[in-house]
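Peer 1: Model the full structure from these sequences, guided by the hints.
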Amino acid sequence: MPRKRRLWVALGLALAAYVAVVVMVFTRPGAALSTDKRPVIRIAHWQVEVGPREAMEALAAAYNARNPDVRVEVLAVPGNVYVQWLRTQLTGGTAPDIIEFGFWLHGSRDIPARYFAPITDYVEQPNPYNRGTPQEHVRWRDTFLDGLNTNEGYIRDLNNYYAVTLCMLSMRLFYNADLLEEITGSREPPRTYAELQALGAALQGRTSPRGAALALFAGSNFNTNVTMEVLLARTALSLNHARDRFREHGAVTRDFALDYLRGGWDYRQPELESGFALLREIALLTRPGFQQLERDAAMQEFMRGEAVAIYTGTWDATSLQKLSPFDLAVAEFPLPDRSHPAVGAHIWLPQSEGQVGTAAPFFLNNASPHREAAIDFMRFMTSVPGNQIFVEASGWLPSVEGVEVPDHLRPHLPRRDGWMGRSAILRAFGAETSTLWQRLAHRLVSREGGVEPFLTTFAPAFADALRTDLTRDARNALDSIRRQVPALAGLATLDRLEGVDPARLANRLEREASQHLTEARYYETLAVLDKGPAVTQ
Amino acid sequence: MPLCEPRRWLCRLLLAAACCIPLRAEEDLAAVWRQVTAFFAKEAMWALEALPPTPEAATQRERDFCHAVILLDLQPLTEARLDEAENRLLRLIAAGEDEIAAAARYLMARSRQLYRQRPDHAGAARLYREVMAHPRGGPWAELARVKLALLELYVLPATNPSARIAAARTLLAGAGEDFTRRDLHRLIARATLFYDLDPAAAFADLLAAEAIGGLQGEPHADQLVQLTELAWEFGRTAEAARFYARLVAEHPRDVRAWGLAEKLAGRPAPARGRFGHAP
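Chains as they are written, first to last, in my numbering: chain A, 617 to 1153; chain B, 1221 to 1499.
If you are wondering where the hints come from, they were derived from the structure by calculation, not from laboratory data.
No false leads were mixed into what you were given.
One-sided and incomplete, this derived list gives chain B residues near chain A with beta-carbon spacing under 7 Å:
| id | residue |
| --- | --- |
| 1 | L1334 |
| 2 | V1366 |
| 3 | D1403 |
| 4 | L1407 |
| 5 | R1410 |
| 6 | Y1415 |
| 7 | D1416 |
| 8 | Q1436 |
| 9 | V1445 |
| 10 | R1473 |
| 11 | V1475 |
| 12 | G1479 |
| 13 | F1495 |
All C-beta atoms in this analysis are idealised placements derived from N, C-alpha and C, irrespective of residue type, glycine included.
Peer 2: Written out as structure tokens, the structure is:
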């Protein structure tokens, strides 16, 4: 074939492909030239792990089969680009109807107030998809295992319920059972902290088949930081209760942070000094240099048999089950008990994992053109039958009461009963204090480091970092308060124009009551930032 | 000359249409307000600007009020936009003494307190007092009373925290609605604990708030936990048990219930530190 003709053929094929793509894009359901006029509900999430991704598709398929007048489309967006992608979509007005979102996504605290719609009115009513189940007459929010009382489910600054959650998370130690048996002669994981320490000691001098030193914990910046965050919060539980100024059975994060600036506690408290000593013990049982490593590196270390255990969330459970070349054993992280020489005096057992709450929160886009249909899908995916589909396909724990938990997931069920602190320490107060910890943690966790070298640099710098975080927190609270002012004025005006609607009036009064409290907290923050311990004078 | 049949029908139609105009205008404006309540400020402004001109002064006044409120919600919120919103509100205040004028004063106060780069707390407090004294204050007067209490509790000059609490407490007397009294009691209780003043006083205020009722969700769960904890702190164990039972019944998912049960059973529990007047 002459060269010129080949070029024409190639050009023709390229053009045909282009036309085919254009036709597909413009004729897909919901697009401009589509003959399928059904509303399309788009739902975005970042759960691209093995299991939940398929589960989201299964949920959409089940819903589409039940509701032929609507189409649900699922968009799985990888976590590392999710915030940028979401921000672009929201700004451009092209965001999906239902959006997974979390406050821990950096630089995104403004998003709920600007782009998401409150769902309080909906969650106060029963979920119609629960008909025929024991949850039939229960208001929607009470069908969730934590009553939606999470940072995202109920946003305190916005005084409203905003999200429904899809699963429950817990943190667990996943052991390489083969390795465990080789070392201890048993496939049973350690049940006490002393047994865990003994296992760590038994690893001295052992190497993996590839010749790498065997570590007790697979390490990465993420996994090890989470381990430390959880452990320090647990040793600080008594401190959190001691500083419960408002008598709410533990000080919530903002009140705990303000109490620091008021001189209520510092890092020289025995609970925290001994807690940091415990973190150092854990770090020394982890591969050196873990702070420079990402999550994937920890997973690979564990899969290669170079670490006996990995501490991670149930979000990794399905991937670990499917990908690990050895049997897994799963157990809670055994906390030190009262006999531990350093932290024993401050430990309260049992401790609840309830504060973890339900997770994978999904929000309603304020600009959704199909709000009722979107709410309907949110109801379906968090109904007893819908959540059951999710659990079976994902291998994750349910968020909804009455959903059957498969036997293999039972070890992952979080412990609800027990003492609970209401604030973490290391990364809970905001970006600045979190960065300070990241920057200085090596002074605690490196072989040549220690509690004292760490605290001599960390403690003096903490107050300034905390002030920055609280200033930002106050700014966000002010934005939230402002956001409510016109909406509340609107509700009052509608009652004047149309006559009093009891439901609308109740909604307004509830939101106003919460807004008063948000304003009180806002002014408390400003007062403490201004006067510190002298705020009581 | 008697009207012929078609003309008579035409007149009837025109009359009926004329009667419908105010109703229709109100319905259209209500739709705009609904956009505002759903946080759709831009769309609300478009819808407001698309309304047909009205010869009715009262209808126009309603629209002007709506316009000013939407301006407070439009992004970006510049000082120039706030100037425009406040000017509109000022014109509404100057032009009449109806409920819109009271609402306009309230929103002026909110603007000066919360929206400006340099808040004018004294100016906001003065406006709140004007709204409270307004003969047509309605819901705005109730709100103004609580917002003034917040300023007294945390912001306005005072000799000490006790004086702040006392100033806020004076506002209880004139409250016209139960929910206003409830919210005032709650805020006074919170500020009392924030300033480490007498928790017995905070307990009394929370009891008064709970007696009025009407709270839902997490704020109510928090209040029941506080009442349980404070009742326990003051040795009023039967009351503590009663509030705990209500927490379990009304907020069955609250994970704090386990710890409270341990405490009420007299088993060892993490101790609370001392805060000022704590017993």
